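Participant: Sequence:
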Amino acid sequence: MIEEVDKIFNIQSSIDNLQIIKNTNYRERIANIKKIEAFILNEDNHKKIAKALWNDLRKSNEEVISTEISPIILTIKHICKNLKSWMQDRHVPSPLTMAGMQSYIKYEPKGVVLIMSPWNYPFYLTVVPLVYAIAAGNAIIVKPSEISNSTSNIIKSMISEIFKQNEVAVIEGGVDIATALLNKATNHIHFTGSPNVGKIVMKAASNNLTSVTLELGGKSPVIIDESSKIFASTQKIAWAKCLNNGQTCVAPDYAFIHESKMNEFKTIFSDTINKFYNSNNKGISQSPDYCRIINKKNYSRLTELIDDAISKGAEKISFEDSNPEDKFIAPTLLLNVNEDMKIMQEEIFGPVLPIITYKNISEVISYINQHPTPLASYIMSSSNKNIKFIIDNTSSGGTVVNELMMTSVNPNLPFGGKNNSGIGKSNGIHSFIDFSNERGIIVRKWGNLKIIYPPYNAKIFKLFKKIIKI
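Each number in the numbering used here corresponds to the 1-based position in the sequence shown with 1296 added.
To be clear, the hints were calculated from the coordinates, so they are not data collected in a lab.
Any given hint could be a false lead.
[To be verified] Estimated spans, in silico, between C-beta atoms of each pair:
hint	residue 1	residue 2	range
1	I1311	M1498	21 to 29 Å
2	A1327	I1307	36 to 44 Å
3	N1706	T1393	36 to 44 Å
4	P1620	N1357	22 to 30 Å
[Unchecked claim] Only pairs whose alpha carbons sit at most 30 Å apart, straight line, appear in this in silico DSSO-like list of lysine-lysine:
hint	residue 1	residue 2
5	K1330	K1499
6	K1525	K1460
7	K1499	K1303
Keep in mind the model is a prediction, meaning the values are calculated, not measured.
Virtual Cβ for every residue (Gly too), placed ideally from N, Cα, C.
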């Protein structure tokens, strides 16, 4: 397999190959992207994709459509609509000192791009950066997660059917393959995963001065204040925390709930979970809409986090017993949590919601600002004053008010974290630019710079004195 890494990198990184791909026009790039769209929309292929995601995460076809397929198709449509304008040179004004010259930005591909995708939304989070990298005119190596093995296989099958290896290639494998790829002098790395692995990727990239996009995670808070519409807010939290069994980088990781809303929250949360996943009273584990933890390793990690919290004084509210053989963990609330608990120190990535009650919003602000910047923050409030105060006095990759999980949906907004939660921005033109080299170009149209050629004279000083005043 290491030989395959060498072979594909050598093919893709050849100067002739990169120049051919670089010279493709927007029509050719769109045509390649549309091949991916056609593959996905083919009924037989859709069934294979859905089956793979069921095998990996026990994800229902409905959830496959809403969280994996539809976002990809919408992304492709957005690219096809805008790529022509994105690729055009962008002229910019020039200062007076550059009289007679024109300046513009030319967007050219970075070269060989390595995309390392995660297991939680394994199809969506592979294909979306892939189509943006194609749109920018790069050669691409895709390393899907070996944890979601069934989906990785279907990704490789799709890419092998559509592209030649000099254009796009998929290399499957574990840590050894990932390490071999990171050691290659690729021109850009797009990584989605945990902050801990993100540090490894960034360190490896530094050896070749390779640029990176790191879409990471962290502990994203949701705040329910005293003015919140508690019924709607609680339903949204129940949905967001259980979607994909909580294995979502922008899922609310923990909640701040005003003490006046706590009792209502617990009752509504319980009722909502039963409505969503136990309407026939057969148990949440029997619901066809409730996913599973990806593997036994992560199941054990989650149960250890819960047990640690309970041993340190947390109160557990669970809606069904866990089942290690089925990798099933029911929605779980943890009350009376504190910072000594591991669950308040690590990203949870599961259907477990720690809750902190508060009296004054300043307590919330203080807590958030003392911890690494989250990928997302959520505010459930009817008070414009509170909303503005929270936004102005905290920081996050993105913020959503009175809704959840929407930070990456609008292609006109940048998506990404800050420091520990990510580096670089994605979505729409932001992704196109991220996969491009913004090349500044200056063209002399008339005039010259002879006035500043040696030997110097006093006229230069007088000239620049006038320019500074202007």
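Participant: Report the numbers of all earlier hints that the structure fails to satisfy, in ascending order.
Facilitator: 2, 5, 6
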